[in-house]
Amino acid sequence: MKKFIDERSTRSVPLVVILLLGIPLQGATAESLASGADAIFAKDARNVPALNISIAVFDPGVPTDQSLHRDLEVIPRIREIEAMFLPFVLRETLARTNEWGAVRVVPEPDISAELLLSGTIVRSDGEILELEIRAVDASGRVWLDKTFAGVATDSYAQHDDESGVPGYQMLYDQIAEDLLLARAGSNNESLEDIADISLLRYASQLAPSAFSHYLNETADGTFLLDRLPAENDPMLGRIERIRAVEYVITDAVDTKFQELNAEIASTYDLWRQYRRKFVEYRMQDAEWAQETKPDAPRGSYESIKSLYDNYRWHRISAQVRDNLAVAFDNEVGPTVEAMEVRIAELEGWVDQQYAEWNRLLEELFEIETG
Amino acid sequence: MLLCLSIAACSAQPVINDEMMHIEGAMPADLSGSWQRNYLRGDEVNAVLYRAYYQLGRSSRDLRYARSRDTSPASSKDMASVLALARLADLITRPDVLTISQTEYELSVAREDDYAIFCAFYDGLAKATDSDYGTELCGWDGSHLVSHLVLPDGLEVIHRFTVSEDGDELRVVTTVSSSASPVPFTLQRFYTKFERLPGEFNCIETLSMKRVCSTGEIVP
Chain A
1 MKKFIDERST RSVPLVVILL LGIPLQGATA ESLASGADAI FAKDARNVPA LNISIAVFDP
61 GVPTDQSLHR DLEVIPRIRE IEAMFLPFVL RETLARTNEW GAVRVVPEPD ISAELLLSGT
121 IVRSDGEILE LEIRAVDASG RVWLDKTFAG VATDSYAQHD DESGVPGYQM LYDQIAEDLL
181 LARAGSNNES LEDIADISLL RYASQLAPSA FSHYLNETAD GTFLLDRLPA ENDPMLGRIE
241 RIRAVEYVIT DAVDTKFQEL NAEIASTYDL WRQYRRKFVE YRMQDAEWAQ ETKPDAPRGS
301 YESIKSLYDN YRWHRISAQV RDNLAVAFDN EVGPTVEAME VRIAELEGWV DQQYAEWNRL
361 LEELFEIETG
Chain B
371 MLLCLSIAAC SAQPVINDEM MHIEGAMPAD LSGSWQRNYL RGDEVNAVLY RAYYQLGRSS
431 RDLRYARSRD TSPASSKDMA SVLALARLAD LITRPDVLTI SQTEYELSVA REDDYAIFCA
491 FYDGLAKATD SDYGTELCGW DGSHLVSHLV LPDGLEVIHR FTVSEDGDEL RVVTTVSSSA
551 SPVPFTLQRF YTKFERLPGE FNCIETLSMK RVCSTGEIVP
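Chains as they are written, first to last, in the numbering used here: chain A, 1 to 370; chain B, 371 to 590.
By construction, these hints were calculated from the structure, which means they are not laboratory data.
All C-beta atoms, glycine included, are put in the ideal place defined by N, C-alpha and C.
Treat each hint with caution, since some may be false.
[Said to hold, decoys possible] Below, a sample of chain B positions facing chain A; criterion: calculated Cβ distance under 8 angstroms:
1. Ala454
2. Arg457
3. Ile528
4. Ala550
5. Leu567
6. Gly569
7. Phe571
8. Ile574
[As the list claims (entries may be wrong)] Here are a few chain B residues that sit away from chain A, every Cβ distance over 10 angstroms (derived from the structure):
9. Tyr423
10. Gly504
11. Leu525
12. Phe564
[Unchecked claim] Result set (DSS-like, lysine-lysine): computed pairs, CA atoms no more than 30 angstroms apart in a straight line:
13. A:Lys277 x A:Lys146
14. A:Lys305 x B:Lys447
15. B:Lys447 x A:Lys277
16. A:Lys305 x A:Lys277
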């Protein structure tokens, strides 16, 4: 089987393209991401092809029914920020394993990604983080579809004994391990096929006339490689060059997520600790309320004031928690908004170019095939 | 005949019925703004308490008369329970300033040293705030906002907010009742609308730096 020229990293993008397009060269490559990182996972003994991973911004998991938000303690704005912030932590974890190609956070799921990870925040209350993670490769095969839950350790006060790392790191490590386990079930040839299918799915989106017949889509929605284009196919060369340009943009977007992470990580950690404390206080309050039933006679001032005070404190603490959410948004909101604007600009540029590339490639194909 | 004294016991009707829980479109009245207590108007706690004692004594006499023609006064236990309600009602209605914020779906009454009464009407239906400590529900009785808090041991607090036609005055009628007391206790408070002066500083709350203030625009 022919091996495509694989643009594993932005290094292979011709510098002239980058300069002509005025794109900042700040993309992170697999090597640069992984360099110096501690490999904490058992290595795959095989020399496996390093698939690129795209992690889509998570689904915030905010119920559409507003009336449920308070009951479930879901603060939509915070969830939106977490949906952008948490994928980056997973990206860092995966990059550190040195087992993958480029690991990128992308604003929207990319169906032609070699391996696409998408997630939904099921629960995030400072104490427990629950993520529903789905990993699907370019052929449509599901690698992972599972809910992961982690209990927080305090990054300042207490480190988890097993992992020696703060926060919910064990949860991310578990996802990374499960992905490696899923990969272990595939031989090198099928992993190489995934990379080929990924490129051909990308190509058939851009130039359907030229590339749609190389893949077979089965009834269950998976893609099988039917045949491969010729090694010197000029259209494929163009597709690879375009994809390389798009990778540069994707890496620029990924860098924005990296910047967001750097800017808000400490504030998020504070927020998480506050929320965690609230959960603890609430449990203590409940115990206290149970244990300290007033001895005062029923109907006496002491008795009814105690009942009112219990409710009052419960509500005040919930309101303080809401105020903290506002304070968190006050602090990180401008950073998030600026990042959203920049990502929208980059995405807009790609969308615009995409339409243009699509038109040009279709015209070229028609000219070349007569 | 025994006087109907307790709101909860008076009728089978709930304080907030189904009709009151539904609103169509916007909320029936705009209560938003800052409200300052008007001490010239409203109830004086002791006066209301005396009236309650009198009422209690009378109802007690009526009952006893009907039963045995005994005209002994109300029991000290009943009086103590009414006094307890009066003290709690006085405590609850003590805040000088109410700050009411109102959106299409939500209404919040912020009070000094107390929790903010919160009313939510998502999709036009009142949503209760429920916990192990109590249940809070709001409803609209015409243009009157009614907040009903049900606490353990049969303790209930009802606030009824009415804004004047010109929108400058707010009347809040607070009723505290308990299954341990034969009569509820009701206090009426009046508030006048006022405009808060713009502060000298612009302030925002942040997590890492707490309150941040500036004379100009704040960029966190």
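Quick rundown of the hints versus the structure:
1. The restraint placing B:Ala454 at the interface with chain A holds, with a minimum CB-CB distance near 4 angstroms, inside the 8 angstroms limit.
2. Contact between B:Arg457 and chain A, as hinted, is supported at the beta carbon level, the nearest pair being about 5 angstroms apart and thus within 8 angstroms.
3. At about 13 angstroms, the closest approach between the beta carbon of B:Ile528 and any beta carbon in chain A exceeds 8 angstroms, and the interface hint on this residue is violated.
4. Hint status for B:Ala550 relative to chain A: holds, with the closest Cβ pair at about 3 angstroms, below 8 angstroms.
5. The closest approach between the C-beta of B:Leu567 and any C-beta of chain A is roughly 23 angstroms, which is over the 8 angstroms cut-off, so the hint fails.
6. Interface restraint check for B:Gly569: the shortest CB-CB distance to chain A comes to about 16 angstroms, outside 8 angstroms, so the restraint is violated.
7. At about 15 angstroms, the closest approach between the beta carbon of B:Phe571 and any beta carbon in chain A exceeds 8 angstroms, and the interface hint on this residue is violated.
8. Hint on B:Ile574 holds. Least Cβ distance to chain A is approximately 5 angstroms, under the 8 angstroms limit.
9. Separation of B:Tyr423 from chain A is adequate, the least Cβ-Cβ distance of about 16 angstroms exceeding the 10 angstroms criterion.
10. Distance check for B:Gly504 against chain A: the nearest CB is about 4 angstroms away, which does not clear 10 angstroms, and the non-interface claim fails.
11. In this structure B:Leu525 is not separated from chain A by more than 10 angstroms, as the shortest Cβ-Cβ distance comes to only about 5 angstroms.
12. Non-interface call for B:Phe564 relative to chain A: holds, since the shortest CB-CB distance, roughly 23 angstroms, exceeds 10 angstroms.
13. For the proposed pair A:Lys277 and A:Lys146, the alpha carbon gap of about 28 angstroms is at most 30 angstroms, so the pair holds.
14. Proposed proximity of A:Lys305 and B:Lys447 is supported: the alpha carbons are some 17 angstroms apart, at most 30 angstroms.
15. For the suggested pair B:Lys447 and A:Lys277, the alpha carbons sit about 43 angstroms apart, so the restraint of at most 30 angstroms is broken.
16. Under the criterion of a C-alpha separation no larger than 30 angstroms, the hint pairing A:Lys305 with A:Lys277 is consistent with the structure, at around 26 angstroms.
Hints 3, 5, 6, 7, 10, 11, 15 from the list above are not met by this structure, while the remaining hints are.
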